[in-house]
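Each chain is listed here by its residues.
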Amino acid sequence: MMFYFRLAWRNLWRNKRRTAITLASIFFAVILSSLMMSLKEGTYENMIKTTAGDFSGFVQVHADGYWEEKTMDYFFEFSEELKDSLSDTGEVDVFLPRIESFALAEAHANTKGSIVIGIDPELEKTYSKLDERVFEGSYFAKGEISVLVGKGLADYMEIAVGDTLVLLGQGYRAVTAAGKYAVKGIVKFGSPELSKQIVFLPLEEAQRLFGAYGLINNLVLKVDDAETGMKVAHKLDGEIPGSYEVMGWEDLYPDLVNMIETDRVEGYVFMFIMYMVIAFGIFGTMLMMMAERRHEFGVLIAIGMKRLKLAFVVFIEVFVISVLGAMLGILGAYPVCYYFILFPIRYGENVAKMAEEFGMEPVLRTTVEPAIFLQQATVIAIIAIIIGIYPFISLSGANAVDEMNS
Amino acid sequence: MKTASIFISALFIVVSLPAFGQNALEIVKKADEKMKGNSSRAEMTIEIVRPKWTREMSMTSWAKGDDYSIILIQSPARDKGTVFLKRDKEIWNWVPSIERNIKLPPSMMMQSWMGTDFTNDDLVKQSSIVTDYEHKYLKDSTVAGFPCYVIELIPKADAAVVWGKIKLWIDKEEYMQLRTEFYDEDGFLINIMTGDEVKTFDGKKLPSRMEMIPVEKPGQKTVIIYNDMEFEIDIADNFFTTQNMKRLK
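As you go down the protein sequences, you meet chains A and B in turn. Heads up: the first sequence at position 212 corresponds to 212 in our numbering, and the numbers run straight through without jumps. Here our numbering runs 1000 ahead of the position in the second sequence, where the first position is 1.
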């Protein structure tokens, strides 16, 4: 076996230029393809993180039916039993009890529909780092009743720190929710969609405002990453006692999942076309190689070399050159991909605006997920194997005299 | 003799059908006037019924013509003193607990009013069952012992109306609207409004209890009970102002 390999290796370097050109074409195709897939996957990660991870969490628990209707009927108590049964998986680090609702915000005679979120100031400080998003004014002090307002909302309603914001809406079981608060700070959100609507209140004040004393309607489970989130959600949903729904980010944001799936398929189509071109390149190299060596093959067959073994050597040549090219490509692509993690590409103004509408950070960032590179290597290897069938077909009927005379 | 009477009654039916056709509009007009009056004051209780809970509110309302009305919430204690003012197409909401008067923006119009099965838009809706619809007499029927005309209302092409069709049950004697069915554009029944427990208020016979039932939400309805009503009261236009809202008791 080793002997065949050595033979193949030597054969490859008999025509250095051809081998180098073939290697180069595979090398660049792999770099291009990995970089493209890496950018796509990086963008998805970015989208998932901005939409789901950063603030709303990869997993949420609601009273059963809440997400479908989002009305004020779905409040529940965050009891010790519930906490215990959710802790069972061992994957959940922290629980963030919240109230999420809608209300009309009014200030300076401007009104706007807003999302009101009641949070535990101390907990969120530690785990969702809400305090780090405050860029004007300051975060909730202990026991203080005030509001934090999203930057977009503040701009729209011309609110500054210290102004009064009025919230008016409906609370639990149709009570009227009306409150008047001092604006303590203005918070920045990656997602402009949130930024334009969001108002934060300390949880206890939100419970008073909405008349839902001691209750919450949204429990965020903090887990390490998106994947763990889905795992935990599947494990817990329908398994915990009581009438709850446990939803992972894929269920919370089906549009996002759809968008990613569609875009990923687009990437595959592009990858397919590019590798088709490369495949024919490799095939061409091999045909040339075999044509040049017909005389040599004839001699080898004449002195008793088995045709099958001869074809096998050619097969190894093709395989080695392809996989070598792929490996070099991956080695070349990795630092390039890594570079764009450190220095993400900023979108141009128009695209940035569009990205912001989707609620994501307007940058192109890559990822160095091993799966992407493995994918390239696999595709190239498969192409090599398929092309490598040709010498077996071509040499199986070869006649020593004909080959030598050609 | 017998043939003659059949002939006569047949003739009568033929003659009377177009007559009803012309009358449908008249009937609706009378019913509409009956409900509205020129100006009115009412004491009412509204009950919100949901599968898991109910909530009761009491309120006083004043109205003048089509354009002006005011609703003052009397109970529960948490909402006492809250006032809604309707002026033309605007709704203002005075909330005493925060001492603010807020004009509801268009985005809030399709939302539920005070948690009931009515939307804010229902309060200000300008569409009129008289002028915005074509009327057609369907048949006679009986609701809770009252013989009624059943009249179908199809919106006119240029009318800004959300419904595809409305069916009205109007009693023959007093022109009370005893049952209303609201259909969407695809012909599906969406809401049913019923009126019963007929009482005499200030000389007018009216159903004192109305129920609004959204058909697609089982176990859910809104009940309005009129405890007292006065009509043709002496009330000035400037009663219906944002300044006056804060003074109401």
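Hint data in this document are derived by calculation from the structure and do not stem from the laboratory. Every residue gets a Cβ at the ideal spot worked out from N, C-alpha and C, and that includes glycine. Incorrect hints may have been included.
As the list claims (entries may be wrong) - Pairs of lysine-lysine, DSS-like flavour, derived with a Cα cap of 25 Å:
#1 A:LYS142 x A:LYS112
#2 B:LYS1204 x A:LYS180
#3 B:LYS1246 x A:LYS112
To be verified - Some chain B residues near chain A, calculated using beta-carbon distances under 8 Å:
#4 ARG1055
#5 SER1058
#6 ASP1079
#7 LYS1156
#8 ILE1192
Q: Report the numbers of all earlier hints that the structure fails to satisfy, in ascending order.
A: Hint check: 1, 2, 5, 7, 8 fail, others pass.
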